[in-house]
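Here the protein sequences line up with chains A and B, keeping their order.
Numbering of the first sequence is given in the working numbering, commencing with residue 104 and proceeding in unit increments.
Numbering of the second sequence is given in the working numbering, commencing with residue 1410 and proceeding in unit increments.
Warning: the hint list may mix true and false statements.
[Claimed, not checked] Per label pair, the in silico range of CB-to-CB distance:
hint, chain 1, residue 1, chain 2, residue 2, range
1, A, Thr262, B, Tyr1458, 55 to 65 angstroms
2, A, Pro362, B, Asn1511, 32 to 42 angstroms
3, A, Asp369, B, Asn1511, 51 to 61 angstroms
[Unchecked claim] Partner residues are not named here, just some residues of chain A that face chain B (Cβ under 8 angstroms, in silico):
hint, residue
4, His458
5, Tyr460
6, Asp461
7, Arg468
8, Gly470
9, Thr475
10, Pro490
11, Leu519
12, Phe520
Since the hints were derived computationally from the structure, they do not count as laboratory data.
In this text, all values refer to a predicted model and were calculated from it rather than measured experimentally.
Cβ atoms here follow ideal geometry from the backbone N, Cα and C, with glycine treated the same way.
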Amino acid sequence: MPATTPPSTAAPAFDPEAIRADFPALDQTVYDDAPLVYLDNAATSQKPQVVIDRMNAYYARENSNVHRGVHALSQGASEAYEQARETLARFIHAPDPDTVVWTKGTTDGLNLIASSFGPTVVDEGDEILLTEMEHHANIVPWQMLAERTGASIRVLPITDTGELRLDRLDDLLSEQTALVAISHVSNALGTVNPIDAIIDAAHAQGVPVVVDGAQSAPHRPVDVQAMDADFFVFSGHKMFGPTGIGVMYGKRKHLEAMPPYQGGGDMIDRVSFEGTTYDDIPHKFEAGTPNISGAIALGTAAEYILNVGRDEMHAYESDLLDYATRRLEAIEGLRLIGTAEEKTSVLSFVLDDVHPYDAGTFLDRLGIAVRTGNHCTEPLMDRLGLPGTIRASLAGYNTRADVDALVEGIRKTQDLFG
Amino acid sequence: MSKPLEERAQRVVDEFSMFDDWMGRYEYLIELGDTIPAIDESEKNDDTYIHGCQSDIWIQTEYDDNQDVLRFSGDSNAKITKGLAALIIRVLDEQPPEVVANAGFDFLDTIGLREHLTSQRNNGLQSMVSEMKQRARQYTS
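Whenever a hint applies, use it, and build me the whole structure from the sequences.
Written as structure tokens, this is what we have:
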């Protein structure tokens, strides 16, 4: 079902005003006089009070290192840390918590896969298939891998509306293809990619698929088993969690076969100068003292979303995206960039005769936080022939009033710069 | 002899102090963009181009060895950036290379526009100033 279908009766249980009240950062003015309208959620989301409280509580009373101490605090911290892993496994329907590896975030996860898994499947002369809409984080680690191994990068193109050219998939998935890395949802356009079809096509040729879920995990139900992803990575901070913590899910067979990424404490079984044996997954990939408070609080963020109701929040956001799309489409001199059939949370646009930087700077002064520029997708902007766009991105705590404020802000921007 | 840098900067501060709201200052800044000594279209090339993540700038430097001063011309594709570039050029234009090389931009603080000259903004202005100063240093003995 297209995400943009307006649900005529959005789930009655979902109350955006109640959600909004959970996020203290939303209730403030900037530049002394402008009430904040936060529409930069694709960059990072705000945090609910329960997540902030969880971090505070950890440092106030529970702080201790994990997996090391026999004392009460260490056991408590280790338990909370592993419980959070179970919550995140449930959040993406991973088969078991051992397949959930803590990372610093999506970028870290992609680099881990490219460094550790990459060389086990990519050889000289092989091809790594990406798409034209990827974030730099899902391009550069693969370029580095290609350089190291003598492989090359192939790119699945997009249409003018910002959808993948699936008709080109058969051409590009060749005997040489060793790995596919693709975003579930585009950060710059909001396009929801037909991930199941791409994974099926790749698997038919025995090619593993890495899914960048940074923009999907916060907004849509994710089932890594149903999509059959080999790897699925995402960040905590875009889904109401802290910065510096994220998840790399991988199929057990891959994780067990991969060499460790970094060496150090907490990832070993036995160490001697003659040789070292490594711990089992997932700890094999978690060298050193991890981001304990971040992992625990990300567990709280995931619980928060599950309690609110993922389907309900998704339905609400789809309705809001639909409303925002209609309102922006009605503005003369505004062109939406990325008009895919199925989209999530992102409205990218350009204004006739107004540079995105001018628009972003002026909207900011009005209290409206949007992102401008190339959104770390330079190849995509080159493909679209744009220096950048203005991007408003929604979350479950945004309301129609936020969209109305954006529309009013755009009108004022056009008056000043047009 | 051209007016000293401080005097020109003070003039800018005085002009901006006439506006008691930020909207007026922005409108004025955009107007100032039109006063920039415009770089010739034919001079917009790799040598004069400064890539900012958010906006692009072209800046050209000429040295007048008779008077020992630098002359600047420029442009930007964003109006706020262009207005600020015009302000900076207005203060630094026809100044001796030593003055340009050592110029400070406290006046931008005073008029509340300093944040535009930070690398965080990625608008190219900071690179533009670095480029102007680097060129200036080539002519200081």
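How the hints compare with the structure:
1. Taking the beta carbon of each, Thr262 (chain A) and Tyr1458 (chain B) are about 31 angstroms apart, not inside 55 to 65 angstroms as hinted.
2. Checked against the hint of 32 to 42 angstroms, the C-beta distance between Pro362 (chain A) and Asn1511 (chain B) comes to roughly 54 angstroms, which is inconsistent with it.
3. The hinted window of 51 to 61 angstroms between Asp369 (chain A) and Asn1511 (chain B) holds, with their beta carbons roughly 52 angstroms apart.
4. For His458 (chain A), the interface hint holds, the least distance from its beta-carbon to any beta-carbon of chain B being 4 angstroms, beneath 8 angstroms.
5. Given the 8 angstroms rule on beta carbons, the hint for Tyr460 (chain A) holds: about 4 angstroms separates it from the nearest Cβ of chain B.
6. With a least beta-carbon distance of about 5 angstroms to chain B, the hint placing Asp461 (chain A) at the interface is held under the 8 angstroms criterion.
7. Given hint, Arg468 (chain A) at the interface with chain B, holds; its Cβ is 6 angstroms from that chain's nearest Cβ, closer than 8 angstroms.
8. Hint status for Gly470 (chain A) relative to chain B: violated, with the closest Cβ pair at about 12 angstroms, above 8 angstroms.
9. Here the hint on Thr475 (chain A) is kept, as its CB sits about 6 angstroms from the closest CB of chain B, short of 8 angstroms.
10. Because the smallest distance between the Cβ of Pro490 (chain A) and any Cβ of chain B comes to about 7 angstroms, under 8 angstroms, the interface hint for this residue holds.
11. A least Cβ separation of about 7 angstroms between Leu519 (chain A) and chain B falls short of the 8 angstroms threshold, and the interface hint therefore holds.
12. Hint status for Phe520 (chain A) relative to chain B: holds, with the closest Cβ pair at about 6 angstroms, below 8 angstroms.
Hint compliance for this structure: hints 1, 2, 8 are not met, and every other hint is.
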